[in-house]
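Spelled out, the chains give:
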Amino acid sequence: MIWHSWHAFFAMGGYADYVWGAYGFATLVLFWNVVSAVRKRKAVLKMLRELALAEQAPKETGAQRYVSE
Amino acid sequence: MYKYASPKNFYALAGRLIPWLGTITLLLFVFGLYLGLYVAPPDYQQGDSYRIMFIHVPAAWMSMFIYVMMAGAGLVGLVWNIKLADMLATASAPIGASLTLMALVTGSLWGKPTWGTYWVWDARLTSELLLFFLYMGFMALQAAIDDPRRSARAGAVLALVGVVDIPIIHFSVVWWNTLHQPASIGSLGRIVSPTIYPSMLHPLLIMSIAFFVFYFTVVLIRMRGEILARERHTGWVTQIVRSGMETQGKFP
Numbered sequence: 001m002i003w004h005s006w007h008a009f010f011a012m013g014g015y016a017d018y019v020w021g022a023y024g025f026a027t028l029v030l031f032w033n034v035v036s037a038v039r040k041r042k043a044v045l046k047m048l049r050e051l052a053l054a055e056q057a058p059k060e061t062g063a064q065r066y067v068s069e
Numbered sequence: 070m071y072k073y074a075s076p077k078n079f080y081a082l083a084g085r086l087i088p089w090l091g092t093i094t095l096l097l098f099v100f101g102l103y104l105g106l107y108v109a110p111p112d113y114q115q116g117d118s119y120r121i122m123f124i125h126v127p128a129a130w131m132s133m134f135i136y137v138m139m140a141g142a143g144l145v146g147l148v149w150n151i152k153l154a155d156m157l158a159t160a161s162a163p164i165g166a167s168l169t170l171m172a173l174v175t176g177s178l179w180g181k182p183t184w185g186t187y188w189v190w191d192a193r194l195t196s197e198l199l200l201f202f203l204y205m206g207f208m209a210l211q212a213a214i215d216d217p218r219r220s221a222r223a224g225a226v227l228a229l230v231g232v233v234d235i236p237i238i239h240f241s242v243v244w245w246n247t248l249h250q251p252a253s254i255g256s257l258g259r260i261v262s263p264t265i266y267p268s269m270l271h272p273l274l275i276m277s278i279a280f281f282v283f284y285f286t287v288v289l290i291r292m293r294g295e296i297l298a299r300e301r302h303t304g305w306v307t308q309i310v311r312s313g314m315e316t317q318g319k320f321p
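For the record, the sequence lines run as chains A and B.
Position 35, counted from 1, in the first sequence is what this note's numbering calls 35; the numbers after and before it change by one each time, with no gaps.
Position 53, counted from 1, in the second sequence is what this note's numbering calls 122; the numbers after and before it change by one each time, with no gaps.
Among the clues, some could well be false.
Listed next, the in silico EDC-like pairs over lysine to aspartate or glutamate satisfying Cα-Cα at most 20 Å (straight line) [what the hints assert, rightly or not]:
| no. | chain 1 | residue 1 | chain 2 | residue 2 |
| --- | --- | --- | --- | --- |
| 1 | B | 152 | B | 300 |
| 2 | B | 152 | B | 216 |
| 3 | A | 40 | B | 191 |
| 4 | A | 42 | B | 191 |
| 5 | B | 77 | B | 300 |
| 6 | A | 40 | B | 112 |
| 7 | A | 42 | B | 300 |
| 8 | A | 46 | B | 300 |
| 9 | B | 181 | B | 191 |
| 10 | B | 181 | A | 17 |
| 11 | B | 152 | B | 215 |
To spell it out: a stretch of chain B is covered by chain A in this simulated footprint if at least three of its residues, at any positions, have a beta carbon under 8 Å from a beta carbon of chain A; those stretches are [to be verified]:
| no. | stretch |
| --- | --- |
| 12 | 106-120 |
| 13 | 225-236 |
Computed spacing ranges between beta-carbons, pair by pair [what the hints assert, rightly or not]:
| no. | chain 1 | residue 1 | chain 2 | residue 2 | range |
| --- | --- | --- | --- | --- | --- |
| 14 | A | 46 | B | 82 | 46 to 54 Å |
| 15 | B | 219 | A | 34 | 25 to 33 Å |
| 16 | B | 113 | A | 47 | 21 to 29 Å |
| 17 | B | 205 | A | 4 | 41 to 49 Å |
| 18 | B | 137 | A | 39 | 23 to 31 Å |
| 19 | B | 107 | A | 43 | 36 to 44 Å |
To be clear, the hints were calculated from the coordinates, so they are not data collected in a lab.
Just so it is clear, the structure is predicted and the values come from calculations on it, not from any experiment.
Here a beta-carbon is modelled for each residue, glycine too, at the ideal position from N, C-alpha and C.
With the rest of the complex left out, here is chain B (with noise of 0.2 Å):
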């Protein structure tokens, strides 16, 4: 296990499993679709309109796990100055920053037809929208600063502060009044006796794991990518890049 902690073999690990979960997300979103859109009927309040929250809610939910991911990551890179956390933190943060996206756009399309508005500038909804703002900080604060420990490091501290918008995401529904509903999942008891009927609770999951893979698969690519430009020096890389040219013909 120790042994991928070295950015080389990291390298060639991700890049034989990129492929496989690819792989696994596509039918993960597949299956999931084809329950959540044709096999789930519809609610009794909402209509159709609920069909909506197969994507918001995973999206909700990865935009505050990768948050997560991400100033943990920060954290260990901080402390134990491990090259590849930085550069997992760092990978992270645009996939983060796409799905609070995600959510902010996907709950105000639901929204509309259910509150009969848009927007509320209540708790949830400003809350996941700082939550945007600190992806796009720490992205910002990264590509303002060229050398990269120091970028790193920078990226973690404003991580490490702007954690405390989880919680408040998470209980913003229990602690204020609040349009947006309470959670329907919430805890893995409520899994195993849900509040909401298998036929719509499946799809949920299914689609709540296509895009725990998703970010997985996709984090991958962009370490790897990471990986090629923080290590240019090292003889490996350099390799990679000889080789590339080979194949390609201009390098003689």
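Chain A with its partners taken away, still in its complex shape (with noise of 0.2 Å):
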């Protein structure tokens, strides 16, 4: 343990900016690349159910459906 103090930790001897800024910047990368791949799976699944809806769609409540959707 070095720092004498949190406020010491957070100055970061003087080059908080750079830093803090550098490993904010890589934060937002990190989270960004997990939510966009999990977003894309559940969108793949999204589109797929809604393929299959609309495929059923007609033999169930006829053309009406397919066409409103």
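Given two chains presented individually in distinct reference frames, assemble the corresponding complex, making use of the accompanying hints.
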């Protein structure tokens, strides 16, 4: 442990903007990676579900529903 | 082992691995950040600004590693026509691009206090910027072609041509005069007898492993999406789609 206080820790020896800027940007990029990857798979599933419903619709409720969607 | 080469089994295996890999990634990041920001002493020349190294160096390493994975997977897909290899290449591109951007931005933020400038057009920085454009070009090219097989082939050719940039990035600090400092690690021998203190080396290694496992976690999530999209006409994907609708009550 090399920090005397939380204040010293956040000040990063005068380099706070650079250090926390870099770590902040890195955190954003890592989060973006996880969120976009999970969303991508969910978007594919959603699209496939809608396609399946669209195929099913004319048989069940007639062409009306197919058109309205 | 071979049975996981089928998209169906790979999809299931990836689904089981992701939570474990994600947990390992998280633990490694927590431990690496603790060592790098809390335990490691300031550098005698650079003060605390050098702590940017713990994210900059792993991001830069991964930017090159992922590119090689992408080009290698592209080659395997091109030669043996293996769908999963094509999907690995496609899934790797956005991760690689984002980590290249991370290496550039964190490097820039480290350069300002250390060199007095955010950017110089020297060999290392320029070749890393070119790597970013290679990733973007790969994604733009694949997005422009609808047919999945032609899209995969075109991407693979582009990735393979661009692979010459990797040795240029790696050796740029040796071949040309540059502001960028030479590698501190660079080879396995340097890990055994390093030129930096263990208190600084250990967080760097832990963070590097964290980034490495992170890539595999995210690439598996992305590949699962790719598999669903490209295997949508198969029975097992239809079943997944139907079962999803049943649980959501959308499907009668």
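Hint check results:
1. B:152 with B:300: 10 Å, holds
2. B:152 with B:216: Holds: residue 152 (chain B) and residue 216 (chain B) sit about 13 Å apart, inside 20 Å.
3. A:40 with B:191: 37 Å, violated
4. A:42 with B:191: 42 Å, violated
5. B:77 with B:300: With Cα atoms ~9 Å apart, residue 77 (chain B) and residue 300 (chain B) stay inside 20 Å; holds.
6. A:40 with B:112: 42 Å, violated
7. A:42 with B:300: 15 Å, holds
8. A:46 with B:300: Roughly 15 Å between the alpha carbons, so the hint for residue 46 (chain A) and residue 300 (chain B) holds.
9. B:181 with B:191: 15 Å, holds
10. B:181 with A:17: Answer holds: residue 181 (chain B) to residue 17 (chain A) is near 11 Å, not above 20 Å.
11. B:152 with B:215: 16 Å, holds
12. 106-120: Answer holds; 10 residues pass the 8 Å Cβ test.
13. 225-236: violated (count 0)
14. A:46 with B:82: 46 to 54 Å: With a Cβ separation near 24 Å, residue 46 (chain A) and residue 82 (chain B) fall outside 46 to 54 Å, so the hint is violated.
15. B:219 with A:34: 25 to 33 Å: Since residue 219 (chain B) and residue 34 (chain A) have Cβ atoms about 30 Å apart, the given range 25 to 33 Å holds.
16. B:113 with A:47: 21 to 29 Å: Given range 21 to 29 Å: violated, Cβ gap about 56 Å.
17. B:205 with A:4: 41 to 49 Å: 45 Å, holds
18. B:137 with A:39: 23 to 31 Å: Given range 23 to 31 Å: holds, Cβ gap about 27 Å.
19. B:107 with A:43: 36 to 44 Å: At roughly 39 Å between Cβ atoms, residue 43 (chain A) and residue 107 (chain B) fall inside 36 to 44 Å, so the hint holds.
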